[in-house]
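Q: Chain residues, written in single-letter form:
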Amino acid sequence: MWMDTKTEAKEASRNRASLRRCVLSGLLLCTGDMEHLDKYMQEKLFVLQLVVWGLRGVTRVILANNPLSGVLVLAALCWASPWQALLGTLGVLASMLTAVIMGQDSAEVSGGLHGFNGMLPSLLMGVFSSAGDWYWWLLLPACLGSATCVFLYSGLSPVLERWDLPVAVFPFNIIIVLYLLCTGPDNPYFPHHPATPPGLLEPNGTELIAVEVMLGIPLGVGQIFACGALGPSLLILGAVLLYSPLLAAHALLGSAVGTLVGLSMAVHHDSLYSGLSGFNGALGCMAVGGLFFTFSWRTHLFAIASAFLSAYADIALSNLLGTVGLPACSWASTLTATLMLLLTGSLAAYRIPIGRVMAPEHNLCSHSQWEAGDTADRESTDV
Amino acid sequence: MWMDTKTEAKEASRNRASLRRCVLSGLLLCTGDMEHLDKYMQEKLFVLQLVVWGLRGVTRVILANNPLSGVLVLAALCWASPWQALLGTLGVLASMLTAVIMGQDSAEVSGGLHGFNGMLPSLLMGVFSSAGDWYWWLLLPACLGSATCVFLYSGLSPVLERWDLPVAVFPFNIIIVLYLLCTGPDNPYFPHHPATPPGLLEPNGTELIAVEVMLGIPLGVGQIFACGALGPSLLILGAVLLYSPLLAAHALLGSAVGTLVGLSMAVHHDSLYSGLSGFNGALGCMAVGGLFFTFSWRTHLFAIASAFLSAYADIALSNLLGTVGLPACSWASTLTATLMLLLTGSLAAYRIPIGRVMAPEHNLCSHSQWEAGDTADRESTDV
Amino acid sequence: MWMDTKTEAKEASRNRASLRRCVLSGLLLCTGDMEHLDKYMQEKLFVLQLVVWGLRGVTRVILANNPLSGVLVLAALCWASPWQALLGTLGVLASMLTAVIMGQDSAEVSGGLHGFNGMLPSLLMGVFSSAGDWYWWLLLPACLGSATCVFLYSGLSPVLERWDLPVAVFPFNIIIVLYLLCTGPDNPYFPHHPATPPGLLEPNGTELIAVEVMLGIPLGVGQIFACGALGPSLLILGAVLLYSPLLAAHALLGSAVGTLVGLSMAVHHDSLYSGLSGFNGALGCMAVGGLFFTFSWRTHLFAIASAFLSAYADIALSNLLGTVGLPACSWASTLTATLMLLLTGSLAAYRIPIGRVMAPEHNLCSHSQWEAGDTADRESTDV
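Protein chains in written order, with the UniProt record's numbering: chain L, 1 to 383; chain A, 1 to 383; chain R, 1 to 383.
Derived by calculation from the structure, the hints in this document are not laboratory data. Warning: the hint list may mix true and false statements.
[As the list claims (entries may be wrong)] Restraint-style ranges between C-beta atoms, simulated for each label pair:
# : chain 1 : residue 1 : chain 2 : residue 2 : range
1 : A       : 356       : L       : 164       : 43 to 53 Å
2 : L       : 349       : A       : 39        : 32 to 42 Å
3 : A       : 161       : L       : 105       : 17 to 27 Å
[Stated by the list, open to error] Some, not all, of what chain R presents toward chain L, calculated at C-beta under 7 Å:
#  : residue
4  : 30
5  : 100
6  : 104
7  : 107
8  : 178
9  : 181
10 : 184
11 : 266
12 : 324
Note that the structure is a prediction, hence the values are computed from the model and not measured. For every residue, glycine included, the Cβ atom is placed at its ideal position computed from N, Cα and C.
With the rest of the complex left out, here is chain L (with noise of 0.2 Å):
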């Protein structure tokens, strides 16, 4: 008897075990790149690619790429606004859809490049309209706006590629900026609010709220998607998590500094509460730590300096833009990270070339290998 329970105990934590991986090994099969999927995809409808594609795109503009994580992105958009979400497949889907007609790279397509670019500016147009939603004609320049994008990228991309730098998106920050100047705030047709400075307001006349101010940090990371309630914030976060813990880390991190920043530098309290202070911190934190460098306590110094330039770059590009009625989008976190891949000296060796860069997890791994690879090139040549 003595043995047999022993025996069904062995079984049993045995069975556990296999359960337990089974579970991981599906986890893990969700976590990442999820490169698997497109292998299994590629005989599939091309209906059924494109919504993985477009998938890919939305996760694009928050530095993930995972289709489970633009699924809960949208999901996120859904519950915060679903005009919003509309505004948004419809600009994923057009840039995609005129990146494919105009034979673009189809790697570059399936791996939702062209679709981040062109949700962001319908995302905005959206925003910045002050036509209250369900305003069907705005339709109209999200479509066009998200199909510019594409010509925009591909015309950045051999300017950029001389440098191995992504393109990232320039192409959204300069559509949705001529966007809002070709419209100006009066426009007949296409009306929004101009954009005020955080600096150039009237003083704080209230307290800050501590509470709020914390608040703000979580939703630095939701506006990344112009999204500025607490509940799809953390939802969005969550996709990020669920895609890379290391980045989601960054992300609340970068947009810590973020609101720090603008608390140095005294600016409206909306400006905090809102997020809208983190969220470049959030994005510039995220691009050096674990993205485009391969993760370690360097690379993690530099990702916060990399957050602080985000930030201060923002609120001066905010006030200087603000001085036109626009607002400063992710310029500041774009350039910096622009500026941080550029970097010579010791933050250089860390750097993953453009071609290789996949979660910031899979960085890890791949680089101890090449590392190891190398080392073994360098012996069989030397043999």
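With the hints as your guide, set chains A and R onto chain L.
A: What follows is chains A and R alone, placed relative to chain L:
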């Protein structure tokens, strides 16, 4: 008798045919790039050569390259305003002589590439000057500005060459903006009118007149030379037609697109009537439709897209620069054309290397020859 | 006796000659780039090395590279305002230490290339601060701004390297503009004076005083270090003279050209009296006349052209940036010098590769050596 009549008729028809052929070949000699003239001019006086180079430069403004078209354009400018024609001529000469003195590439000088950038600043200085016509002091900044264009052309070309891009009218656009900034509206020596942005004016109170809008389309072609009268504009269009009918068609098409864009953004009526809404569209359309790309239905669609992009970007930039009293000049079309030249994907296949760009009709022929040549090359290397 | 006297006289003259040679060689040791010092310093303490690198950095601001000149410049700054001298020293140290920590190229650090970009933002922060001298909180942004310059220097260098261009003072110009934008005029912690554009002021009511304008010329050299007093400015000019008399002559010439340009554009009198009109011209003139190009009468003419261009561009940019309360700093001369370095044609033949740039006098010698070397090389390869 019957035989004789028949022979006579045959001979008459033969004569008519040879006459037709003669006239046609004479006409053909005057169209296109007129390369044969360069060979003929090589032994002539330097002054005569300079005149031909200058006339080529005058037409380069409108993306053509034909001395006879240059004569027509100068005639049109003279018709519109002799003072403007004088300023333009002086600008061309000043920049060409500067280029010769500075030891610039002689092929660039003889191709009129330095002349055309020098012509535009002096023309625009005349247009914006609020000191009236025949204000002789203006010749000083006109000459200096035109000469400075050569510096900018020479400095920008190594940068843009990396991506096989033309310098286009970047020098002109930079110089005129610097000049207007430098003098400011209340300068005691060189006062000028501040530019008014098309979207920031009082709301359009009056009804839109359809005929005037239609007339704005050919005026848009004239506005490339800052010429707002119908007769000279048509003469300028005729000059383009002489160089290349395809280019003239695209000029009109682009101007029409620009007017449409102006209507869609509800710009001020004067902007539509004067053709100012159209000229950036016209330039954007001409650059893509036939000049820098081999003509085909695909290129044609891209040309229309380029016209739309140019026109929208022009409104956006006019609104932006208008806040500091500056005009947007041809920044929009220059940037858009540069973007189109950088595009990857299906358009890049039609791209003509900058060194081989000629009249659209000639490009069409030579493209098929290259393809044949390439095939022949491939076959010969295969064997 | 006669013989003795003769011998004595001979000996005395020999002694005088050797003394003269001694003094001359001692003087020569202190002029130019003082490369021998680097060899001598290699075995010394790190702190001593840092001092030499820092002093080189101080002189790099005025395009020189000589530790003794650095001592003179620091003395001049101390004379003008000890607080400014402290800020400047701190800026140099902060940026150099950041460069060392970030693992930047040691040749760049020891050449003072990182130091000079760090010195200027902290100097300018002090000048624009409206909180008065000895406002200790200012040390915080001064250090941070100087440290950030290293990021920009390191990031811009791979981009500009493609065209063999120096990074020059682009980092300083970017950082100071960002700082002033970030804080804004009414910042509660770091308030600053808004810049006033030279052309947008009330009309000049008073008569122009010729002597004051003349005094503005040496002041223009001092304004490179934001120093507006005559004595220190002359001392700074002396520091340049110690490095290279040719450079000092071009500095004065450029400042005179800048003043002339200011007169031609009727800028406000204070701008002329304080030397602010002159300093961009001085920098533009120095860069072309001898430093980046071998000195010759042709280069000299281009140097004057460069001074004119810099000065006009400075007025234009001051008017533009002044609309949002920003100063034009040395944007104009930096951009103009970059343009001159890119020029093709006859000037390009005199271009010195960036890695070989030294004192103008040394450049002259080495250029003739290269030519001899090149000829020798050609002959040896011919055989």
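Q: Run every hint past the structure and note whether it holds.
A: Hints, verified against the model:
{"no.": "1", "hint": "356/A <-> 164/L: 43 to 53 Å", "verdict": "violated, 30 Å"}
{"no.": "2", "hint": "349/L <-> 39/A: 32 to 42 Å", "verdict": "violated, 58 Å"}
{"no.": "3", "hint": "161/A <-> 105/L: 17 to 27 Å", "verdict": "holds, 25 Å"}
{"no.": "4", "hint": "30", "verdict": "violated, 33 Å"}
{"no.": "5", "hint": "100", "verdict": "violated, 10 Å"}
{"no.": "6", "hint": "104", "verdict": "holds, 5 Å"}
{"no.": "7", "hint": "107", "verdict": "violated, 12 Å"}
{"no.": "8", "hint": "178", "verdict": "holds, 4 Å"}
{"no.": "9", "hint": "181", "verdict": "holds, 4 Å"}
{"no.": "10", "hint": "184", "verdict": "holds, 4 Å"}
{"no.": "11", "hint": "266", "verdict": "violated, 27 Å"}
{"no.": "12", "hint": "324", "verdict": "holds, 5 Å"}
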